[in-house]
Each structure stands twice: as C-alpha cells, then as structure tokens.
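Following the hints, complete the assembly by docking chain B onto the known chain A.
Going down the list, the sequences are from chains A and B.
According to the numbering used here, the first sequence is numbered sequentially starting from 1.
According to the numbering used here, the second sequence is numbered sequentially starting from 1.
These are calculated hints, taken from the structure and not from any lab test.
Note that beta-carbon positions come from the ideal geometry of N, C-alpha and C, so glycine has one too.
A couple of the hints might just be wrong.
[Said to hold, decoys possible] Keeping only pairs whose Cα atoms sit at most 27 Å apart, straight-line, the calculated BS3-like set for lysine-lysine is:
| hint | chain 1 | residue 1 | chain 2 | residue 2 |
| --- | --- | --- | --- | --- |
| 1 | A | 63 | A | 13 |
| 2 | A | 23 | A | 12 |
| 3 | B | 42 | A | 13 |
| 4 | A | 23 | B | 42 |
| 5 | B | 42 | A | 12 |
| 6 | B | 45 | A | 63 |
| 7 | B | 42 | A | 19 |
| 8 | B | 103 | B | 45 |
| 9 | B | 39 | B | 107 |
| 10 | A | 23 | B | 45 |
| 11 | B | 45 | B | 107 |
| 12 | A | 19 | B | 39 |
| 13 | A | 63 | A | 12 |
| 14 | B | 42 | A | 63 |
| 15 | A | 63 | A | 23 |
| 16 | A | 63 | A | 19 |
| 17 | A | 19 | B | 45 |
| 18 | B | 107 | B | 42 |
| 19 | B | 103 | B | 42 |
| 20 | B | 39 | B | 103 |
| 21 | B | 39 | A | 23 |
| 22 | A | 13 | A | 23 |
[As the list claims (entries may be wrong)] Residues from chain A shown here face chain B by an in silico Cβ test under 10 Å; the list is partial:
| hint | residue |
| --- | --- |
| 23 | 37 |
| 24 | 44 |
| 25 | 112 |
[Stated by the list, open to error] Label-pair distances were calculated between CB atoms; the ranges are:
| hint | chain 1 | residue 1 | chain 2 | residue 2 | range |
| --- | --- | --- | --- | --- | --- |
| 26 | A | 103 | B | 83 | 42 to 48 Å |
| 27 | A | 16 | B | 70 | 42 to 48 Å |
| 28 | A | 101 | B | 60 | 24 to 30 Å |
| 29 | B | 41 | A | 28 | 26 to 32 Å |
| 30 | B | 5 | A | 102 | 25 to 31 Å |
| 31 | A | 13 | B | 77 | 35 to 41 Å |
| 32 | B | 18 | A | 87 | 39 to 45 Å |
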Amino acid sequence: QVQLVQSGAEVKKPGASVKVSCKASGYTFTSYDINWVRQATGQGLEWMGWMNPNSGNTGYAQKFQGRVTITRNTSISTAYMELSSLRSEDTAVYYCARYYDPRGTFDYWGQGTLVTVSS
Amino acid sequence: DIQMTQSPSSVSASVGDRVTITCRASQGISSWLAWYQQKPGKAPKLLIYAASSLQSGVPSRFSGSGSGTDFTLTISSLQPEDFATYYCQQANSFPHSFGQGTKLEIK
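Next comes chain A alone, as it looks inside the complex (with noise of 0.2 Å):
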C-alpha cells in the first residue's frame, strides 16, 4: 500500500534551516509528484511546493521563494523539503503529500512533521 513516512518533530532556534524528508513507498516514487503544505496550529492548509521525483524540477509558492528548498534521492524514494531563516511564525507541522496529476489532487499523505522555531 502506499505510505509517506516523515521524519520526526524538530526544534530550531530563529534563524536556523530545517530539513524533513519524505520516505515513499508502495509505489514507484518517480511517477508522482511529491508536494508539501504546512499547516501552523489551529490554522488551515498552506501550498509551499511541488517537485517532479523524476526531472528534479520543482515549482515554490511565491511567499517562500528563496527559503524553501525541495529536493529528493530517487536511489531510497525519499524527498526532502528544507527551510532556513527560520522565524517563530514558521512553527507549524509539515506535510509531504502525493499528487496525482490527471486530478489534481493530494491523494497521499505523510503523517505530518512538526517543526517548532523558539529560542
């Protein structure tokens, strides 16, 4: 079956770069785009990016652009979404999602990694 496996809770002081990877499995991780949106505690979704396991190529939200990084390792089918210049209103938990294009939809999802920024 199909399963993203993220990594665990992370606890960053202002101004330092996190990276969460997204483990894939049950499926062939160079067929389907990974994406990943945050969500901060009590508040709705929020799209930060995509990537095409395949190409490598990949698309940021406007608000993240030269923060986010995503990036994969096709050889262990695993993505990873790292973000710097950390700030406090960045606490939130991330999710990788699976998307399927002919869709458009997020029909996987890993089960959420909590990033806390406190000093």
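Relative to the frame of chain A, chain B by itself:
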C-alpha cells in the same frame, strides 16, 4: 493566484442531519475542485475530486457539486465519525490553494 473562500467557517449539527458546505473560487476553475476531511492530529484525507467524483473508499453519504466558481460539499446523514474540519482545494492552476476550512461540530 486563485483565492478559495469557504462558508460557513464552522457549523454545528446533530447525528443524522444533512449538512452543506460551500466553497467559492475567485475565478472560474471549471470542475477542478477537491474536498478533504481532516481530523485533529491527522493528515487531510481526500474525499472528492473533479468537484463531484467520490474517492475510492469514501462513503456515499458524501457528495459534491458545482462548477465554475461555486461548489458545495454535502453530507446526507451525519455520522459520529464525520465531525471534522473540511477543506476545499482548487486544482485548476498552481499554487493549488485551499479554502480556510469549515469545522463541523456536534450540536
């Protein structure tokens, strides 16, 4: 960017009730709309895609309709496990924006 607006932001209902949630896009998105359910501490779950198509495994009491800019999600007879937050998402163009969510609470 396309803005998605849901209403109401919260709704109280009882088991067995019929509930409708509305989502409006800031510009036409044809039928490129999905609905998700999210329970506390869990990832969102895809319910409906292409505005009205039920994702595999989703109970038939969930239905979606609409096209262009106005969409609805209807739950025909609420079950205890349906109390959650619901989000719409436009799939017409990137960024694939979400609505702000509708929290469905027990009355």
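Against the structure, the hints:
1. 63/A / 13/A: 21 Å, holds
2. 23/A / 12/A: 22 Å, holds
3. 42/B / 13/A: 26 Å, holds
4. 23/A / 42/B: It holds: about 18 Å lies between the C-alpha atoms, which stays within 27 Å.
5. 42/B / 12/A: 23 Å, holds
6. 45/B / 63/A: 25 Å, holds
7. 42/B / 19/A: Judged against 27 Å, a Cα distance of about 21 Å means the pair holds.
8. 103/B / 45/B: This hinted pair holds, its Cα atoms lying about 15 Å apart.
9. 39/B / 107/B: 17 Å, holds
10. 23/A / 45/B: With a Cα-Cα distance of about 19 Å, the restraint between residue 23/A and residue 45/B holds, given a limit of 27 Å.
11. 45/B / 107/B: 23 Å, holds
12. 19/A / 39/B: 26 Å, holds
13. 63/A / 12/A: Distance ~20 Å between residue 63/A and residue 12/A Cα, so the pair holds.
14. 42/B / 63/A: The hint holds at about 25 Å.
15. 63/A / 23/A: 26 Å, holds
16. 63/A / 19/A: OK: residue 63/A and residue 19/A at ~18 Å, within 27 Å.
17. 19/A / 45/B: Holds, at roughly 24 Å.
18. 107/B / 42/B: Measuring from Cα to Cα gives roughly 22 Å; hence the hint holds.
19. 103/B / 42/B: Holds - the C-alpha atoms of residue 42/B and residue 103/B are around 14 Å apart, at most 27 Å.
20. 39/B / 103/B: Cα-Cα ~10 Å, so holds.
21. 39/B / 23/A: 23 Å, holds
22. 13/A / 23/A: Holds. Residue 13/A to residue 23/A sits at ~25 Å (cutoff 27 Å).
23. 37: Hint on residue 37/A: holds, closest Cβ of chain B at ~8 Å, below 10 Å.
24. 44: Hint on residue 44/A: holds, closest Cβ of chain B at ~5 Å, below 10 Å.
25. 112: With a closest approach of 6 Å, the residue 112/A hint holds.
26. 103/A / 83/B: 42 to 48 Å: For residue 103/A and residue 83/B the Cβ distance comes to about 26 Å; the hint is violated.
27. 16/A / 70/B: 42 to 48 Å: 44 Å, holds
28. 101/A / 60/B: 24 to 30 Å: Because 26 Å falls inside the window, the suggested range holds.
29. 41/B / 28/A: 26 to 32 Å: Holds: the Cβ-Cβ distance is about 30 Å, inside 26 to 32 Å.
30. 5/B / 102/A: 25 to 31 Å: Once the Cβ atoms are compared, 26 Å apart, the range 25 to 31 Å for residue 102/A and residue 5/B holds.
31. 13/A / 77/B: 35 to 41 Å: 50 Å, violated
32. 18/B / 87/A: 39 to 45 Å: 44 Å, holds
The structure does not agree with the numbered hints 26, 31 stated previously, though it agrees with the rest.
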